[in-house]
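Student: These are the residues of each chain, in order.
2 protein chains.
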Amino acid sequence: MENLMDLYVHELRDLHNAESQIINALPKMIKAATHDELRNAFEDHFEKTKKQKERLENIFSDLNEEPNDVKCKGIEGIIKESEELLKNDTDSEVLDAVLIASAQRVEHYEMAAYGTARSFAARLGRSHDVRLLQETLDEEGEADYKLTSIAERIVNAEAATA
Amino acid sequence: MENLMDLYVHELRDLHNAESQIINALPKMIKAATHDELRNAFEDHFEKTKKQKERLENIFSDLNEEPNDVKCKGIEGIIKESEELLKNDTDSEVLDAVLIASAQRVEHYEMAAYGTARSFAARLGRSHDVRLLQETLDEEGEADYKLTSIAERIVNAEAATA
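Here the protein sequences come in this chain order: E and Z. Position 80 of the first sequence, counting from 1, maps to 80 under the working numbering, and the rest follow consecutively. Position 98 of the second sequence, counting from 1, maps to 1098 under the working numbering, and the rest follow consecutively.
Here chain E stands alone, though its shape is the one from the complex:
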């Protein structure tokens, strides 16, 4: 990698692969969730994630680049961690707390990576990309906020008295 454009394309590929891994993981999380409000939040985020991946594909197309995914090891590790916890003998009372803890790590990884990509796009003068990346960043922030609310209002209280 020689310049910021190379690194920008690399970041976009990392994110595109991250979105694919998340699209693959979310149906399992939807199935595992026990509270309706959490399941609905995951279902909503599943639809948003598919749109976020499309936004990246629009950027690739504008750049005349292919996604050629780079395996996103950060997201892979976070998802593995969560799958191991779900496989363990985790009681149903704490299951949703495990799911939220893992989903918020995923959101935060994306916030960091999309924030980096947006900074690169701004420096490269790609204002249309900046807008698309900011839309996703806003959605990630909202999803994270919603999960904190579900955890603190409902899930953690039940897990504490289990």
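A couple of the hints might just be wrong.
Straight-line Cα separation of at most 20 Å, PhoX-like style, residue types lysine-lysine; simulated pairs [stated by the list, open to error]: (1) K1071(Z) <-> K87(E); (2) K53(E) <-> K28(E); (3) K80(E) <-> K1080(Z); (4) K71(E) <-> K1080(Z); (5) K48(E) <-> K28(E).
Note that these hints are calculated values from the structure, not bench results.
With chain E's structure known, arrange chain Z on it following the hints.
Tutor: Just chain Z, lined up with the frame of chain E:
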């Protein structure tokens, strides 16, 4: 895992292992950094990270629990990703941008995980733990802000004209 306390201890163990991995990775990042301001930021964060690990050890001691680290696969993946990028033929002009992108992923992982642990501690009525975890959360937020500033003022501009 049967209740929120089990999950809280698990989160603390994950974080304790994450801090150990970060303490192991930071000297390599300090060595690789080319801009003085970035190197100083990493050096400062290295000292803070050692204190953050000690805060967790204080919490374990209060809980009469041992760290018994759980391998933190999330941080492991993020660090691996960065090490591969540094091994690749990455030009020195973009090296600092790579280091910052990776460090901000680490900060965000920690923000998510410490935020979860703080919520658990609050629900469990452990107000001293909440204060300790919040101190670390504040430091992570400040470190992230500082890295964005270094990237946007100095590093990305140079990488863009490389």
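Student: I'd like to know which numbered hints this structure contradicts. Please list them from smallest to largest.
Tutor: none
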